[in-house]
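Chemist: Chain by chain, the residues:
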Amino acid sequence: MKKRARRILTLLLAASMVLSMAGCQKRSNDDTATSTEQSAGSDSSSSDGSDAASTAETGTDTITFNRIPTPSDPTLVKGKADNKDLVVAYNADTTTLDPHCAGNSAAVNVLMPVMEQLVKYDENGELQPWLAESWEVLDDHSWEFHLRKGVKFHNGEEMKASDVVFSFTRATTDYAANVAYIMDMIDPDGLEIVDDYTVIVRTKVPFGAFLYYLPYIGASILSEKAYTEDEAYAIEHPVGTGPYVFQEYQKGEYTKYTKFDDYWGGEPACDTLTIRVIPDNNTRYIALETGEVDIAVGLSVNEMTQLENNPELMMATCPTTVFTTLNFNCAKAPFDNQTFRQALDYAINEEAIVQSVFRGSAQYTPGPVTPDSKYFYDGEPHCRYDVEKAKELLEESGVDLSQTFEIAVNENQTRIDEATIIQQQLAEVGIKTEINVMETAAYNEYITGSDKDMFFNGWGAVGFPDPDNNVYGPLHSSGIPENNVTDLSDPTLDDMLDRARALQDGDEREQLLYDIQKYIRDLTPFVTFENSTNIVGLQNYVEGFYAVPSSDQYYNFVSLVGQN
Amino acid sequence: MLRYSIKRLLQLIPVALGVSLIVFTLLHISPGDPVKLMMGENVSQEVLERTREAMGLNDPFVVQYLNYIKDVFLHFDLGESYATKQPVIEEILKCFPSTLKLTLVSMAVATVGGILLGVLSAVNQNKGIDSVINVLALLGISFPSFWLGLLLILLFSVQLGWLPSSGLEGWKGMILPCTVLSLQSIASLTRMTRSSMLDVIRQDYVRTAKAKGLSAAAVIFFHEIKNALIPIITTIGMDFGSLLGGAVLCETIFSIQGIGRLMVDSIKRRDYPVVQGCVIFIALACCLVNLAVDLLYMVIDPKLKKTKTEG
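These protein sequence lines are chains L and R, in that order. Under this note's numbering, the residue at position 538 of the first sequence is numbered 538, and the numbers go up by one with no gaps. Position in the second sequence counted from 1, then plus 1000, gives you this note's numbering.
Next up, chain R with everything else stripped away, as it sits in the complex (with noise of 0.2 Å):
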């Protein structure tokens, strides 16, 4: 499992290489120019053209890549903010513990809240419940998260006056934005689950253990679920890579200052070095994320431990 591990994380250099050589071409292909756009109107010719050259934007497409890559994988050093000068890596940092925060409790109510779901719909199949939960989820995946977090703001922070309207302080500032978030997952994950337990209630062993005698609690706990996680581990692994770097339109809404919204401001700005070490930094969480994921796989099918460590 260590040598597994080992080789996952040495695949995370060429996938680091690939994403940053996409971002840096799609960024120098796309017009607008950082320059320009940092200084604000009334800016002379000389000046404009002093400051590209100083930040190197004159040099050949090839020459900064190559200057970029070397800092990134020599130095570890991201580079410096065109907008605000400070190091990039900073400002990721500044910004990561807000959307980790938020993914997390996000991800766990999502977790808790999909699976009771999803198992409560598969056990009831077909019968009235069922049905209630299944309409939910539909309308959860349906929903668009912008308008459902102005609905939720008018209620409970206008009309109401419980919850706050912006930010993210304290459990109450956290209760909507994670509300919004999660949703979808909570959404999707009752449905993987529900599809993933009916596959499971079908098998010989659980026909085996009802038949031996076990409590229903004790089936569903002990045989059912432990059975269909696959699946809906994947779900999970595969929704925060998605609520990580999908956090921007909550982010925006509640006012938040996450690594979403540090992105799409920097990509108007064509704040190059910013854009590029948020792209790497979400693209390594999220193939982190997924060897986690491998890795939990192994824990709960000790088949595939053996197959993979071989493999």
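Pulled out of the complex, with its shape left as it was, chain L reads as follows (with noise of 0.2 Å):
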């Protein structure tokens, strides 16, 4: 008894935080006194339709974003007393040193400053040149890369075009599991070296955003000789090209470099780099505040306002390309039904609980296609909450609602809240819910199998801007179940997507992107929620840095500012 009357309680708050969200819709955003880019948050308009004027209510409340950190008070700035080494702390220890095994964040965080690609991403998400100076689209599954001409790698040896064809042979093995879902679109046979510095790679299929996936831990240049001589030893010594040369990997604890003097790119501008293993994120902040790290990644909510208001600290901010969804099983009744999924988006105010959950910290995205990433379709209203119309839609749907449906939800709070509130707001349209909250690999499990009704997920972990793994992984029909959990199934939509990723990027794959997230969200497999944002602390004095949509982020070029 006591147990219901709490969970009515919570519930109750959670229903007075949606409303007294909806009352106040444009909250101010703090000042942060910087070059600031604005996120592709929206009006929503009200010409498409019917339904638009009561979306109008929940309005839209852009976050404002901060990738480029700059110092609150300039002249606060100290600098480190021994200011060239750069010790950064991160929230998760890596499982392997080995690029081609690299199946998490922590990985790429400890290998991105040994290894680089052919291409890479700047601040601004454009794809810049880096070991290759230039590349020719020879025709749908063909690219030749010009190498650029005296890199070397940490034994000494020049990266030739042998390298890059021993790396991505490498990347298309068995034992390249992890970064398979990528590379094993490379074709090894179609490798193709044409002269040292000259070098063709072929997809198995046509794949136009092949290059958009390249700047990948995976598709890492690796010295052939280093790992031919004693692969073993290189497994745990990594050789690439980067500004910094591996020097020690202590488990749980510290990977520890040191700059390479002979980098391409001119002298790296610090000593050291340290990346510490720090997984609690109050003790994480506390290092930060200590001075004891200069860049504490994988922040919350909870340690921003005490960014903001520490002189001697800095924040960078960054959307990722992860959006969390509540999906419903689409093979299953009544969730088949696509009127009765389209009447659970009406009754539920998406938008409004983000808000509520996340305080400022994520925005809401209205669909797969996050609102920063390349061709997010801005058109049409972004949350349709009406519960009138949901009601209509739900009598339309000759669903019985007189059973009770799942929310299954892993243990992870925000969601939790958001489950609860969903709760709440499906109630008020007549719909039965209970909630069911399970230990995540249990969890992860359970949503691959088949006896589901509506459960959270979330996608898109790679932290690239081309909308293409947001779309395709999780609703193309041959990822059911283990990628596409709604298990949706649908011809014209695996048709769509298929184009999409056999087409060149231009105008064409731009108008056929719009159109899969309007039919997607017709479709309603799932109802979207929150793009989560990446929330860097730093001392002032650093610079150089700035934050990225991935939760790896990248210390390369990072400098640290001497003493006054």
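The set of hints was computed from the structure by calculation and includes no laboratory data. All values derive from a computational prediction rather than experimental measurement. Every residue gets a Cβ at the ideal spot worked out from N, C-alpha and C, and that includes glycine. Be careful, since some hints might not be right.
Stated by the list, open to error - Simulated restraints on C-beta separations:
| id | chain 1 | residue 1 | chain 2 | residue 2 | range |
| --- | --- | --- | --- | --- | --- |
| 1 | L | E248 | R | W1162 | 25 to 31 Å |
| 2 | R | S1131 | L | G79 | 41 to 47 Å |
| 3 | L | G156 | R | L1154 | 46 to 52 Å |
| 4 | L | D261 | R | G1170 | 45 to 51 Å |
| 5 | L | N124 | R | E1169 | 37 to 43 Å |
| 6 | R | E1169 | L | S162 | 50 to 56 Å |
| 7 | R | G1170 | L | N302 | 53 to 59 Å |
| 8 | R | L1295 | L | E157 | 56 to 62 Å |
| 9 | L | D85 | R | K1172 | 17 to 23 Å |
| 10 | L | K84 | R | L1154 | 27 to 33 Å |
| 11 | L | T440 | R | V1299 | 45 to 51 Å |
| 12 | R | S1131 | L | D271 | 53 to 59 Å |
Said to hold, decoys possible - Calculated Cβ distances over 10 Å to all of chain R for the following chain L residues:
| id | residue |
| --- | --- |
| 13 | D122 |
| 14 | V137 |
| 15 | A234 |
| 16 | Y546 |
| 17 | Y554 |
As the list claims (entries may be wrong) - Chain L side only, calculated, beta carbon under 8 Å to chain R, not exhaustive:
| id | residue |
| --- | --- |
| 18 | A177 |
| 19 | P279 |
| 20 | E289 |
| 21 | Q403 |
The task is to assemble the complex, starting from two chains supplied on their own in separate frames and drawing on the hints.
Modeler: Encoded structure:
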């Protein structure tokens, strides 16, 4: 009884939060006296039709992102006494030092100072030549790369076309299963050395977005010599072309690097780099506050205010490409009923939920392509919350509402909060639900099964701005049941996704991706909630850092201001 | 005593077998797919299936268990971690020194502190100092360690800037983690010592010792503490086991890579071999500590030696 009373109290509280959010939509953003990039948040235009009027009350609340941090008060910048040693704190330990086994962000994070790829994203998310100076598209599945000359590996060897072929071949073996989802697209037999500095790479099938996947850890260029002479040693002592040379890895504690004097891009700014593992958010923030670390990655909304109020610290934020969804089991009645799914969408006020749960630390995304990604479709009313319309659609769908549906969620507090509010909002239109919280590993297995109703999911951890990863993986029918957990099998959508993947970037692909987003919204295999934000805390004497969408960050060109 | 030790060491085999069977079964019936967790999102069906097959996860449960037992007992091989591909024993040995250092120092602090406070409290029974120590001991047992750890970090690292907030390097780095970890043991040892001492203080031989004119200090050290030691050592032995496995919170707050954290991380990843290895390792360590405690009993109390070696 007591438990029940508490649950009801929680619900009331949650409901009142949502109502109060609706009351004060235009929350002012904290002033950040810096060059800011506005997120592509949108005005919900009412040009689109009847139901738009009701969505106006939810409004939109754009979040200001601040990718490049600057000190709030430059006169307070004191510098670091021993200012050539950069120390970074990350929230998880790597499981490997081999880029071809790097299946998680922690691994990417410790390998990026050592490893480089043919192309790279700059601070604006634009693709830039990197180890490849230029490239030509030969046909819809072949690319010819012209390599930069004079690039040295840490073992002194020069990077040549043979290293590229070696690296990509190794990345397509069974050993590299952790990076297979991208590297498997490369046809190992199609790799061709034209001369020492020219190489042709082919994909197995036409794949227009291929280049946008290449700044990927699995596509790093490794020294062929180092990895063939003593592979076992190289696996634990990675050899790449990056500005920092790997020195030492201490499990669960740190990874240490020294600068690479022969780096092709000029001498790195710091003598040493140390990436420490501090799993607890609080402890990581405290290590920043006490000056034990220069950069603390992966902070949460709880540390945001503290960061903003401390003049000796700075904050960098960047929207990720990760989006959270409440998925519907499209293969099971009544969720196989499209009208019913749409009714659910109208019954849930996704945008207000994101605002009340994330308190301005994450933005609402109306679909799988997040607002800061390429080809984000900004045309439709984003959040179509309309209780009356929802009731109408429910009636039309003819679904029996006497049953209780399940909302499954893993042990993630923000998702549990979201589920609680959803439960309340669905109750308003007469849909009964129960929330089932599960341990994460068990949950991951549960959602690939077939006996599920509604359940949370997150997707898009790679952090590349191209939308392909966010629409293809979770929705193409070939991904059932491991990736496409909604079990949605729609031939029209499959066809559109296949075409979008094969097309080279351009107007046609852009239009197709807009159509895909509209079509997905109409299908409603899920409703989308937040697009999370990376929050990085830094000492005010850190220069040259910019936050990126993936949770692993990039420290290669960071320098530290000396003492005044 | 040697025969007794050998007998006890042989008993480790069924313990290890039993523990491994329980952990293996629990892990395999708990939901969660290690391959999926290892590979992350967007892995194709075939790759997943190929990896499962290669890792032997598609074999029947009994086959998997027998293979595991065969490797462990015939080749002393705990297997390879799914996540890092490193031998499990290496993973454990990399993490064990931190945990051992943390546990031993904390245990030493707890033993000295707990016995001192307990004796002090017992000798001054029902006086002011006794009440103060009792209240402190109650607080010590009640404080959750993660909360205390964060408060101590806030005070000594953030406000005063005296001690590092994380890690276990140097004597300075050990102060906070060891304080946090030993506090509960100090408290429980204080209470145990106090009650055990109070039992002894009322014994006839103590009265005799006092009557024959021994100084108060001599009575406490040579007659009271010595006789009160048995339950105290039992507590130390039990605490040692719980410290060894229970350092998880402390290791997380202070970012120390010890066995506790390794085990929790591995459970989250469903890294079966590492979890099994850690549990067996800790179980054996606890057995060994208990054996040491039993042997210590005999050194302290010759009566026990007689019964144990005969029986």
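Chemist: Does each hint hold? Answer for all of them.
Modeler: Going down the list of hints, with the structure as the test:
1. E248(L) / W1162(R): 25 to 31 Å: With Cβ atoms ~28 Å apart, the hint holds.
2. S1131(R) / G79(L): 41 to 47 Å: Distance hint for S1131(R), G79(L) is violated at roughly 53 Å.
3. G156(L) / L1154(R): 46 to 52 Å: 49 Å, holds
4. D261(L) / G1170(R): 45 to 51 Å: 31 Å, violated
5. N124(L) / E1169(R): 37 to 43 Å: 40 Å, holds
6. E1169(R) / S162(L): 50 to 56 Å: 43 Å, violated
7. G1170(R) / N302(L): 53 to 59 Å: 30 Å, violated
8. L1295(R) / E157(L): 56 to 62 Å: 59 Å, holds
9. D85(L) / K1172(R): 17 to 23 Å: The hint (17 to 23 Å, Cβ to Cβ) holds, given that D85(L) and K1172(R) are roughly 19 Å apart.
10. K84(L) / L1154(R): 27 to 33 Å: With Cβ atoms ~30 Å apart, the hint holds.
11. T440(L) / V1299(R): 45 to 51 Å: Roughly 49 Å apart at Cβ, these two residues keep to the hinted range, so it holds.
12. S1131(R) / D271(L): 53 to 59 Å: 58 Å, holds
13. D122: 25 Å, holds
14. V137: 24 Å, holds
15. A234: 14 Å, holds
16. Y546: Non-interface label on Y546(L) holds, nearest chain R Cβ at 25 Å vs cutoff 10 Å.
17. Y554: 20 Å, holds
18. A177: 5 Å, holds
19. P279: 6 Å, holds
20. E289: Holds - the Cβ of E289(L) comes within 8 Å of chain R, reaching about 6 Å at its closest.
21. Q403: 25 Å, violated
In summary, the structure is inconsistent with hints 2, 4, 6, 7 and 21 from the numbered list given earlier, while agreeing with the others.
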